[in-house]
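Asker: Protein sequence lines, in the order shown, are assigned to chains D and U.
Quick note: the first sequence uses my numbering, first residue 1, plus one each step.
Quick note: the second sequence uses my numbering, first residue 1, plus one each step.
Treat the hints as calculated values from the structure; they're not laboratory data.
Built from N, CA and C at the ideal position, the CB exists for glycine as well.
It is possible that some hints are incorrect.
Residues from chain D shown here face chain U by an in silico Cβ test under 7 Å; the list is partial [as the list claims (entries may be wrong)]:
1) Arg-55
2) Leu-56
3) Ala-77
4) Arg-80
5) Gly-89
6) His-95
7) Thr-104
8) Val-105
9) Pro-243
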Amino acid sequence: MAPPLIALDRIGKSFDGERSFAIRHVDLTVERGAFLALVGGSGAGKSTLLKIINRLIEPDEGQVRLDGRAAKDRPAAELRRGIGYVFQGVGLFPHMSVGENIATVPRLLGWARGEIEARVGELLDLVGLPRDYAARPPDALSGGQQQRIGIARALAARPPIMLMDEPFGALDPLTRASLGESYRALHDRLGLTTVMVTHDIQEAVLLADRMAVMKDGRLLAVGEPAGLTASSDPDVAALLDAPRRQAARVAARLDGRHG
Amino acid sequence: MDDSLAAAWRLLPGALTGHVLLSASALMFGLILSLPLAVLASRHAQVRWPVLALASLVQTVPSLALLALFYPLLLALSAVIRPILGHALPALGFLPSLLALTLYSMLPILRNGVAGLTGIDPDVLEAADGVGMTAPQKLWQVQAPLAAPVVMAGVRTAAVWTIGAATLSTAVGQSSLGDYIFSGLQTENWVYVLFGCAASALLALAADQLLGLIEAGARRRDGRRIALGAAGLVLGVCAAVAPGALAQLHAPARSYVIGAKNFSEQFTLAALIGDRLRADGAGVSVKQGLGSAVIFRALAAGDLDVYVDYTGTLWTNVLGRNDTPPPQVMLTELKRELAARYGVVLLGPLGFENAYALAMRGDRAKALAVGSIADLEPRAPDLVLGSDLEFLSRPEWAALKSAYGLSFRAQRSYSPTFMYGALADGEADVISAFSSDGRIAADGLTVLSDPKHAIPSYDAVLLISPRRAHDERLRRALLPLIGAIRIETMRQANLMVDRDRDKRTPAQAAAFLETAR
């Protein structure tokens, strides 16, 4: 049997900084093609765990294996070129055009010029933006369009894995919903393996196949959303029930009832 | 006026070349040192503080003092290095100026470099890590272009500072646009002073505009502007350096360096020596505006080949003696001691004396019935002493004070020209005059006699550096000057340069000396 694409073995991390949250012995596997949402409150350790996968943060204990190989055996920069990374801040390079931003990883990998140009056009199609946007500066784009470029940049060198840290967190609700759906479609079409950190349970339930719930650096539960609602852990059950209760209250208010 | 302007134009190639070469190299070295330091300081807070504090500290040292400090520093270093390398470091001229100005240019570049690098949006840096850039790739592809506009603004500031401060390098013997300012100030040649200021300001303005073009280019990511600005800078430096460099190329290989202290008589005598050497086909350069202590050591170290000093100055300052033997004894002993201790050749006296003397306005001396320094003693507590910049710290003043028990109400220092002005205005009652000064007769001053012979004699003598000790051409050019300049002739020449109306340049006064001797 093929090894899981991502495997975290007893990962531990302690920060001696001002915010001393930690990761405590987390074991987690993500199969090829899976869409996993990492959920939990602020300070639960979701982002830290995500960044340990592409070595933006090094763990103090345990190891990360990608496709069966230990991540720490490869140079960090080279490893990251093979993993898409999208985050809330987007971080488009302001001194480069949209096209140059998208072409970053192929350029680092030394692709031929013609190949890079063709790929940039392909990616703009893929994220639903006109090809002539390639020549524009990033700050001429709306927030949603910028994050589409962020996704295109992450996908440029056809990485099998996408790591996303609150990717749609800074967008307005409508843009957020539509971009989330577009990304899910891309995930399926390209056969990606995605780990997405979000504090929005509704988004996690709607987009992900599996959810991992974290609290205080611990992994409380992992499973399909439907299965987790019946979890024996009261924290997990409450978390999963939150969108349903919220939806009910929203519906009540919109109907003129006070709930 | 027209004469002065024409003379100023003639000196421009040399001064401009020196100035541009010095400022451009200092700025370049400043950049080369500051940029890596700025990168280091932006990454490590524990480096940032000491680096910026040190750069600020350098900035608080007055630029003239910074330039002056490198002279003893290089002399000391030279003493250490000489046995290893086999030759000495030049302690005057280009090297100390370059070092001081390089240090001086670093603060704005460092400060803006650190601000530019630490001011980058952290999201952009996270993205650079996230896409898999190595640390050097991140630096060159992301941090450098984003910090460039801020860094360039710092470079502009540094350029303007450096070009301005380079005018002061004249004081340590580097030829620069400051040559006009220093000599103009000494000889009250305001055309020269203005010419030097205007040239240096125009240069700073031009550099600022071209660097501004590069800064704008970096800000708007416009390669054309950057290329245009850079091309302008390169062309400008080449154009400014070319005339002086060509002259250097065509100059005879064996070029003599003539030193001059910071007053008119010295400028004139340096011009006279230069004219004589040039007439013999030799190449000549002049380092002027040097202090009494610096100039002898520069000669002994070989940074200068020849200059005129005064026996009394050498006696007290160099030999450290405070007795006052008769002139002939002093001359003989100096000749022997300077040769024995420093290898310096005292070729001989020029024939006139330029002694320190206390002088008063004629009417004032008459009114107070003061004819000698001894008469001055009871009056001194009510009077103000005006001196040149070095007199009060010289041993002669200490000798005078102790011999006559002088104690003035106040003591003020002036550059020599302003000192005579202060006496005329009544701002000072007694001044430390120079006996060869034409203004003594012209202004009707009374020179106070020195009955106790506290001040030694000050015969002007030609000194030659150890490495030119047996130089036939130099001797051929200089020997006819020995005993050839009478005090009246020298006073007349000095007055030509120092008077307010119908002013002549030191070069013209030198020509007069040549015909009058």
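Asker: Please go over all the hints and tell whether each is borne out by the structure.
Answerer: Verification of the hints:
1. Arg-55: violated, 9 Å
2. Leu-56: For Leu-56/D, the interface hint holds, since the closest Cβ of chain U sits about 6 Å away, which is under 7 Å.
3. Ala-77: Holds - the Cβ of Ala-77/D comes within 7 Å of chain U, reaching about 5 Å at its closest.
4. Arg-80: Since chain U brings a Cβ to about 4 Å from Arg-80/D, closer than 7 Å, the hint holds.
5. Gly-89: For Gly-89/D, the interface hint holds, since the closest Cβ of chain U sits about 3 Å away, which is under 7 Å.
6. His-95: At about 5 Å, which falls below the 7 Å cut-off, the nearest Cβ of chain U leaves the hint on His-95/D intact, so it holds.
7. Thr-104: holds, 5 Å
8. Val-105: holds, 5 Å
9. Pro-243: Given a least distance of 29 Å, the restraint on Pro-243/D is violated.
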